[in-house]
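Chemist: In case you want the letters, here they are:
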Amino acid sequence: MGKNDTRIIQKVLVQIALVALSIAFIFPFLWLLTTALKPIKETMSVPIQWIPSKFMWGNFKEAVITGHETVGYYPFVVYFRNTLVLCVLIVSGTVASNSLVAYAFSRLRWPGRDFAFAVTIATMMVPFPVLMVPTFALFRHLDWIGTYRPLWVPAWFGSAFSIFLLRQFFRTIPFELSEAAKIDGASEWRIFRSVILPLSKAALAVVALFSFMGSWNDFLGPLIYLLDQKTFTLSLGLQFYQSQNGGTQWNLLMAASTIIIAPVIILFFFTQRLFIQGIAITGLKG
Amino acid sequence: MKGGTRREAQFGYLFASPWLLGFCIFLLYPLCASIYFSFCDYSILKAPIFVGLDNYKALWGDDVFWIALKNTLLYAVIALPAGMGTAIILAMLLNAKVKGMAIYRTIFFIPSLVPQVSLAVLWMFVLDGEHGVLNPILNKFLGIIHMSGPNWMTDPLWTKPALVLMSVWGVGNAVLIYLAGLQDVPVQLIEAADLDGANGWQKTKHVTLPMISPVILFNGIMGIIGTLQVFTVPYIMFPNGQPARSTYFYTEYLYDNAFRYHKMGYASAMGWIMFMMILVLTVVSLKFSERHVHYQGS
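Going line by line, the protein sequences match chains A and B.
Position one of the first sequence corresponds to residue 1 (the working numbering), numbered consecutively onward.
Position one of the second sequence corresponds to residue 1 (the working numbering), numbered consecutively onward.
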């Protein structure tokens, strides 16, 4: 058997493995969708009925809008709106604060900068649970419990991960550009606004994307700080819904889950390249 | 400081000020306060009362603390290697330059986008003993050897493997990182190994893995930090760590102490113990890596 034959056999084996693994990875999604579209009875049929006898598109409507009348929770549209408001506040704060800070860390020289940066990187190791109690006490002191402020205000003060990501990017912009602008009499603010930011759209989009995902996903934060059902986010709302209906209305639960998952996946399809670049940067330049 | 002007330094502090403030308010202060609280009896409703080492002593004799710690470490010991192994294998398969790489990459990545709460709810119904979908399929294969799928949700032996399975499903993020690392491995190195007559396994062991070892180290450390904090998925899938406390994890007990029993000092002590564990594990990984991690260009 020649070397070429081995190559071909290898390729075929890899292809087979990839197909098999892909099926395994897609599988839970199929289950999610088919369950979301089933009448309640068919979610419990033995053996499993993969294709619903009737496609119940109304499940989505019931899960999102009307269902609350029967079970006493707030409609998902309310949670949806709450989550969006929070996401907007968090994403804009993250982009605004971290781009400023990353500029200071990458393109300005000041005493203590490198030490401050080393400390910043080290903070990525601090687990959230160790900060949880004093942070809660602090927000309680400010009388912010039950409001969105504990969830979004910190985003306006920067975060190590985003600072790191943006700094790595800002550093690659030629310093001659800043020098030239300085000779033309531009202030630091001007250089930041008109030279650096326009050249960093991709990196800013990556940071925005990650912070959106983070806030859309967040569960522990809202669980600690939100008290009133009508202020809940989607994650918290789904958990609440699940704890009341778990094991009974699987079709509605799956419909509600689909609604939380879908926007993220749609967003991914529109921003695939950014995602992949961003993740590669975070992993490699470490 | 060389080259910088005083003006530049002023702007430096100005631009960095959100983070310098944020660092002090949301990191440094809580970190210091939680040391202090960990030596206090603190219910949040009243001012903390200093009690010395009482919290730590009480933790030492607290069975639930040990159960939660054991569960968490056990879970980490299974989930970390399982996740890293799967991610590296998937990345290598994707790197084999077969047709449709972009599609496969998307398929492996998408599960990692699923929000934790949805992940928990979805898998509850995949694993469900009565109406779930996994066991009927497993049974088709296991039936041949007269076995059947385990009770993922109700057998204390199988709840952790269930969580590991779910975490492996969400491994796509790491796959992308490894894939980017693999694509950075110089082709000449592989070709040189080819010329020397190395087989696939030898190339992997002596060329590819050493070349991506910094990426493996980075992912490993981030993985340790993340896995030890596991909370959302078990909290939703297995209320109160049932069955038989097999899914009662460290962060969940910490959360319960803080917000259910209002033992904030006790919870802070737990937080610090966790932080110390992470520090020690990170230092150990870095020490261990000195001999095994290969940096390009050094």
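Calculated from the structure, these hints are not laboratory results.
The reader is advised that the hints may include incorrect statements.
What the hints assert, rightly or not - Straight-line C-alpha distance at most 25 Å; calculated SDA-like pairs for lysine to any residue: (1) A/41 / B/70; (2) B/70 / A/22; (3) B/160 / A/116.
As the list claims (entries may be wrong) - Here are some, though not all, of the chain B residues that point toward chain A, as calculated from beta-carbon distances under 8 Å: (4) 19; (5) 30; (6) 236; (7) 240.
Each residue gets a CB set at the ideal place from its N, CA and C atoms; glycine is no exception.
Chemist: Next, verify each hint and record whether it holds.
Modeler: Going down the list of hints, with the structure as the test:
1. About 41 Å separates the Cα atoms of residue 41 of chain A and residue 70 of chain B, which puts this hinted pair outside 25 Å; it is violated.
2. The suggested pairing of residue 70 of chain B with residue 22 of chain A is violated, with an alpha-carbon distance near 34 Å, which exceeds 25 Å.
3. Using a Cα cut-off of 25 Å, the hinted pair residue 160 of chain B and residue 116 of chain A is violated, with the two alpha carbons roughly 40 Å apart.
4. For the restraint placing residue 19 of chain B at the interface with chain A, the shortest Cβ-Cβ distance is roughly 4 Å, inside the 8 Å limit, so the hint holds.
5. The beta carbon of residue 30 of chain B comes within 4 Å of a beta carbon in chain A, closer than 8 Å, and the hint placing it at the interface holds.
6. Interface hint at residue 236 of chain B: satisfied, since its Cβ lies 5 Å from the closest Cβ of chain A, which is below the 8 Å cut-off.
7. A hinted interface residue such as residue 240 of chain B counts as satisfied when its beta carbon comes closer than 8 Å to some beta carbon of chain A; here the least separation is about 12 Å, so the hint is violated.
The earlier numbered hints that this structure contradicts are 1, 2, 3 and 7.
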